[in-house]
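Asks: Residue numbers (the numbering used here), protein chains in the order written: chain A, 1 to 316; chain B, 317 to 675; chain C, 676 to 1254.
Hints should not be assumed to be uniformly reliable.
[To be verified] Below, a list of computed lysine-lysine pairs in the DSS-like style, where the Cα atoms sit at most 25 angstroms apart:
no., chain 1, residue 1, chain 2, residue 2
1, C, K961, A, K69
2, C, K753, C, K769
3, C, K1070, B, K361
4, B, K358, C, K1070
5, A, K69, C, K1002
6, C, K1002, A, K75
7, C, K961, B, K358
[Stated by the list, open to error] A few chain A residues facing chain C, derived, Cβ under 7 angstroms:
no., residue
8, A212
9, Q259
10, N274
To be clear, the hints were calculated from the coordinates, so they are not data collected in a lab.
Where is the CB? At the ideal position from N, CA and C, for every residue including glycine.
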Amino acid sequence: MAVTETGIPKLDVEGLSLKSVSLWQITWRRLFRRKSAVVGMVILGILIFIALTAQWIAPFDPIQQLIGKEEGIKKRAAPCVHAFGCPMDQPEHIAGTDGNFRDFFSRLLFGARLSLMVGISTVSFAIVIGTILGALGGYFGGWPDNIIMRFMDVLLAFPSLLLAIAIVTVLGPGLINALLAIGIVSIPQYARVVRASVLSVRELDFVSATRALGGSSYQILFLRILPNALTPLIVQGTLGIATAILDAAALSFLGLGAQPPTPEWGSMLGAERNQVFTAPHLVFLPGFMIALTVLSFNLLGDGLRDALDPRLAHLS
Amino acid sequence: MVQYFVRRLLLSIPVLFGILLVTFVMARVIPGDPCRAILGEKATKAVCDRFIHEKGLDKPIHIQFGIYMGEILHGDFGQSIRYGMPVSRLLVERLPMTVELSIAALMVSMIVGIPLGIISAVRHNTWVDVITMVWANIGVSMPVFWLGLMLAFVFSILLKDTPFWLPPSGRVTPGIPNDPFFEVWGLNLPETGVLPSFFYFLSRLNLLNAALTANWELFKDSLTHLILPAMALGTIPMALIARMARSSMLEVLGQDYIRTARAKGLTQVKVIFKHAFRNSLLPLVTVIGLSLGGLLGGAVLTETIFGLSGVGRTLYDAITARDYGIVQAFTVVIAVFFVILNLVVDLSYAYLDPRIKLD
Amino acid sequence: MKHKFFALISVLMLTSLIMAACAPATEAPATEEGPAATEAPAATEAPAEPTAVPPEPIATFDGKTLSVPDCDYGGFVKSIEATDQYTVTFNMCKSDPAFLSKIAFSPFAIYSKDWIESTTGDTTRTSEGLEKPVGTGPYMVSEWNRGESLTFTANPEYWGEAPLTPTLVFRWSTESAARLQELQAGTIDGFDIVGSDDFAVIEADPTLHVQNREALNTFYLGMTNTFAPLDNLKVRQAIAQGIDRQRIVDNFYPVGSEVASHFTPCSIPNACEGDAWYDFDPAAAKALLAEAGFPDGFATRLGYRDVTRPYLPNVANVAQDIQAQLKENLNIEAEIVVMESGAFIEETGAGRFDGLYMLGWGADYPHVTNFIDYHFGEAQLQFGTQSPTYTEPIKVAATIGDLATAAPMYAEINNALRDYVPMVPIAHAGNAAAYKADVTNPQASPLTTELFAHSAAGDRDVFVWMQNAEPISLFCADETDGESLRACEQVTEALYGFAINDTTPEPHLAESCTPNADSSVWVCVLRQGVKFSDGSDFDSADVLATWDMGLNIGSPYHKGDTNLWEYYGTLWGLMQKTP
C-alpha cells in the first residue's frame, strides 16, 4: 500500500465512489434484509392488488342475492369447486354462499378493499389531528401543552374499544361513524409521539439558528422540527393501521360498524357467528383474512421499526 | 419520589374530572332513552314521559351533572334504571368475573410470552427465533372474537368425547356448591360496609374462593371453564409481551457489560438471569401494565362469546339499554383504574431503574 | 412556576368538587319525587313544551275495596271488591270480553299482603322483593347465582300436584350456537329459540327433539303515509302486492312460520275474518305503480333496528332480501338505514320516519284487540294518517263481548286494512324450543309460559333449562321481558293461567271467574286452602293488596323495579289522573 511522507497509509481514492446514500435508501436496504418484513410486504402487495382489481377478478357481484337466479343455490352452502370433486349439479362457489344467498368468495375479495380503506383512512385522520395537537403542545409548552396533554390523558383513560363503542352509539351505527370513532380514539398515541419528537429537538442548535435567521415559529415547526417526527410516526402509523382494522372488525362484529349489505370482514363474521358449528367456513374465512391483513401490517411495521432504529444497527 | 407521586396525584385530578365529564356527557348524548330501550315496540309517549320525569332525566343537563357529581363524591354510584338496585352492588357482583378472567389471561400471556421472548432473543436469528416471532405476530393479528369462536369449535366440537374437551360457555356448571369462604370459616360479617363488600368481592373470585375453602371440585370446574376465554383473551398480550421481551433482551444483550460478563466466564444462564433480565424488565413492565388495561376492552368480546357476565359485557349491555347509572359508574371505575395503573407503571420505573429520575 | 400555577388550579378544582359534594342539601336527588322536583323545572324554564307534571292518584283503598270515583281516567277497572274471604268482584268501566285472557298473564300474579308490605323499599322494591318472590306456585326460588344460574326447588306448600322434577335450574346464553352446543353436550335438558340453521342438526339427532312453538306474533313492513310517495294509495297497494312474502318466510324464517294472511295470527279468534291479503303479483304491482305516476320506481329508505325479536329472528337477512325484492320487482331503491333501537322506536312511534320500516308485535294476551286496537286505533301515529274506515269499527268492536257477534266487525276492519294498506303484514314467526328426547311433556307455549312443573327430565332429578337471557328481576308485576316472566311463572300464580302449550285460560288461584251479561262485572271465586311458600294463607285480602299495589299509584306499596308498571298500565290502566 502506498504510504505518504509521514508514514500514514495512502487511500486510493479513485476506486471509491462517494455516492451519498439517503436515509431512505439505507432503510430500504435494511428492510429488505429482514425476511419477515419481506413476507409482510408481499402479503400486503397481494391484498392491495386484490383490493384494486376486485371488480374484475370476483366471479359474482358481492351484493347480489342469487336466489331465483341460479339453479340449485342453497343458503350457507359449503365451498364447492367442481375441479375438486364437487358434483356438477351444484353451482360453483369457491367459498360457498352466505346467509343471503350471496357468493362468499366475491364478498371476501371486496372486503379487502374495505379493510384497507378503513385502516388507511382512520390512521390518516388520527395522524393529522394528532400531529397538530402534539406539535402545538410540544413546541409552545406551558398552557397549551398542559391542556392538550390532559385531554389526551382523558382519552387514554378509557379502554379504546369501549370508547369507540360509546362514540358510535352516540353518532349512530354506520361505517363512516365507526371510522370517526376509531380515529378519535387513536389520536392520543400519535400526539404523544409527535410531542416527544418535538420536545427532543426543540432545544437543539439548528432550531435556534433558524430562529436567529428570522424564521417564524410555524416555519420552524413544520419545516424543521416535524420531519424528525416522521420516522416514529411511520412506524406507529403502520402498526396503527393493524389495530384500526382489528377495531373496525370488532365494531362491525358488534353490529356497530359496516351495515348490510356492505361486504366487510368483521360484519360478515359477526352475521354468521351463530353458524360457527354448522357452517364454520363462514366464520373461519373472514377472520383469517383479517388476521392475514393485520399480520402483513404488523410485519411491515416491525421491519420498519428495526430498520429505522439506529440503536439496532448492530443487528442488520 | 414522594414529590413525584404527589405531583402526579395532583395532575390526575383534572384528568379525573375530565373523565367524569366525558362519561356523563357521552352517556346522555346517546340518542334514545331507557324507557324505549326497555319497552321496545310497546313504548308509548305517555308512559315514557312519566318515566323520564320520575327518574329526573328531564331536568336541565347541568343540574343532572351536579347531582351526579354530588353522588360520586359521596361514594354513591346511583341506581341502575334497569335492575332497580344500587350500581355499586352490581359492580361488586360483576367485577370478580372480569378480574379473574383478566388475571388468568395475563398469567397465560406472561407464562408463555416471557420465556418465548427470552429464548428467541438468546437464539437470535435461528429457526427458533423465526418461528417464535411468526407465532407472536400471528397472535397479535387475530381478532379476539374470531379466536374465541375457533377455540370453542376446536375444544367443544372437534374434541368432544376426548379428555381434552372444554365447555364452550359459562363460568361454572350449576349445581356445584359454592359457599363463600367467610361463611365456611364462620366469620360474622356486618350487613353493609366496605369490609363485607370486599370479602363478598373476594368470595366471587371462584378460583380463590375454591382454594380458600378447599373445594377442589369447584376449583377444577372453574378452571376448565376459564381456560378457553383466558387463552382467547391472552393471546394478543402474549404476543406483545413476547416481542417486547425479545427486543429489550436483545438490546441489553448487545451492551458492553454483558460482553464483560461473558468474558468473565459466567455461564449463559447466569448471564441472562442475573444480569440481562432485570435490565430488560423496564419496557416489559410497561407492556404488561398496558396489556392489563387493554384486556378490559377485549373482555367485552370474549365475555359475549363465552357467555360470561363481567364488567365489559354488562357495560356494553347497559349502553344498549341506556342504563345511565351503570354506564357512568362502570366507565368511571374502569377509567380510574387505568389512571392508577399508569401511575403504578410509572412509579415502578423508578424502582427498576435507579437511573431514571422521575420528572 | 408552571407547577405552582398548576397546583393552584388543581386546588381550585378540588375545592369546587368538595363544595358540590356538600351542596346536595338543596338539590333534590334524582330519586326523590315530590313537589320540590316539579316546581324547580317549571320555575326556571319558560316551557316551550308543557313540562311533565306527575300524575295524581285518584283511587281509594281501605283494605277491602279498591275504587275510583269515576271512569274518566280511561282505564278498565272501576272497582275491585273483596266481597268475602274467598270472593273478589271486578267492576269494570266498560265491557271487557278479554278479561280471562288478561288476568291469566303472569305480571298479574298474586302476592301475599304481608310480603308486599315487607319488601317495599324507598323508591323501588327491596332487593329481597326483586330476587326472592314468594308465591303460590309449584316451585320456589332457592338460589339466584347472578350472572350464572337460577335454581328453584319444589314448594312443599303447593296446592296442586308436586312438580315432576324436584329441582329446576335456569341458565342463559345469548348465542344460539352455544345453547345448541350445551344440549348436544348433555349439560342442559332444553333450550329456547333454536337458530334457523340448527333445525336440521337437531332433527338428525335421535337423542334430541324439536318442539315447535305456534306463532303469536306478526312482522310487518310499516309505511309512514304522511311522506311522499307513500301518501299515494296506489303506491302502497303496489308495495302490498310487490313483495314475495313466501320467499322471505321460506328462506329466513324457522320451521313453523307462516305468511301472514291477515295482520293478526289466525289462531286468535276473529283474527282472520274478511279477505286474505293480496297475492304476490309483480305484474299487477308494477302496473299500479305506473298508474300512480312512478313507472320507473322511486327512492326511499328501509329502516330497522339490529335487535333480534321473536317476530324477526334474522333481521339483517330479511332486510337485505326486502331491499333486493323492492329493486327487482318494483324498481324501488330502498336505502338500508340501521338505527339505534331506542331512536328507531321513538321515530317510528311518532310517525317521523320517512320511508318503510320493519317492525312487529308479539301478543301480550291472546285476543284480537291486543293486535288491532294498538296499531289501528285512532291515536296511533305510527303509520301517519289513519283511516276512519277502520278506526271507527275498531271502537265499536272493542265493546262487543261475544266473539260471534264481533266477527263481522272484524271482517270489516280487516278489509279496510287491506284497502288502505297502512302497512304490509309479512309473516307470523314460529320458533321452537329443543329438548332432550327423554324429556316428558316438552313445552313450547305460544305465550312463552312454559310451566316446567309439568315436564320431567327423563329420570334425572334436575331439569336444566337454557333461555335467551338472564331475568332482569323476579318481581314480574313490573317486568316486561319474557325471560323474567318465565322465571316468575314457576313460582307465582295469577287468578287464571294458560293451559300447557295453549292459549286457553284456565283457573289457577280462582276456581272460576264469571261475567255478567255484558262482561262488565266479573265475580271470581277463589280457591280455598292455598298457602304461599312462606306458609301464609291465601285469601281475597292478598288479591286486593296485589291489585292495589299494581293499579293504585297512590299506594305506598306501588314500588317495583323500573316503576314502569307497563302491563298493569296498558292492559288495565293505572288509576291516575294525568292533567
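Asks: Please go over all the hints and tell whether each is borne out by the structure.
Replies: Hint check results:
1. C:K961 <-> A:K69: 20 angstroms, holds
2. C:K753 <-> C:K769: 9 angstroms, holds
3. C:K1070 <-> B:K361: Measuring from Cα to Cα gives roughly 21 angstroms; hence the hint holds.
4. B:K358 <-> C:K1070: With Cα atoms ~20 angstroms apart, K358 (chain B) and K1070 (chain C) stay inside 25 angstroms; holds.
5. A:K69 <-> C:K1002: 15 angstroms, holds
6. C:K1002 <-> A:K75: Satisfied, since the Cα-Cα distance of roughly 21 angstroms is no more than 25 angstroms.
7. C:K961 <-> B:K358: 35 angstroms, violated
8. A212: 26 angstroms, violated
9. Q259: Constraint on Q259 (chain A) satisfied, holds at 5 angstroms.
10. N274: 4 angstroms, holds
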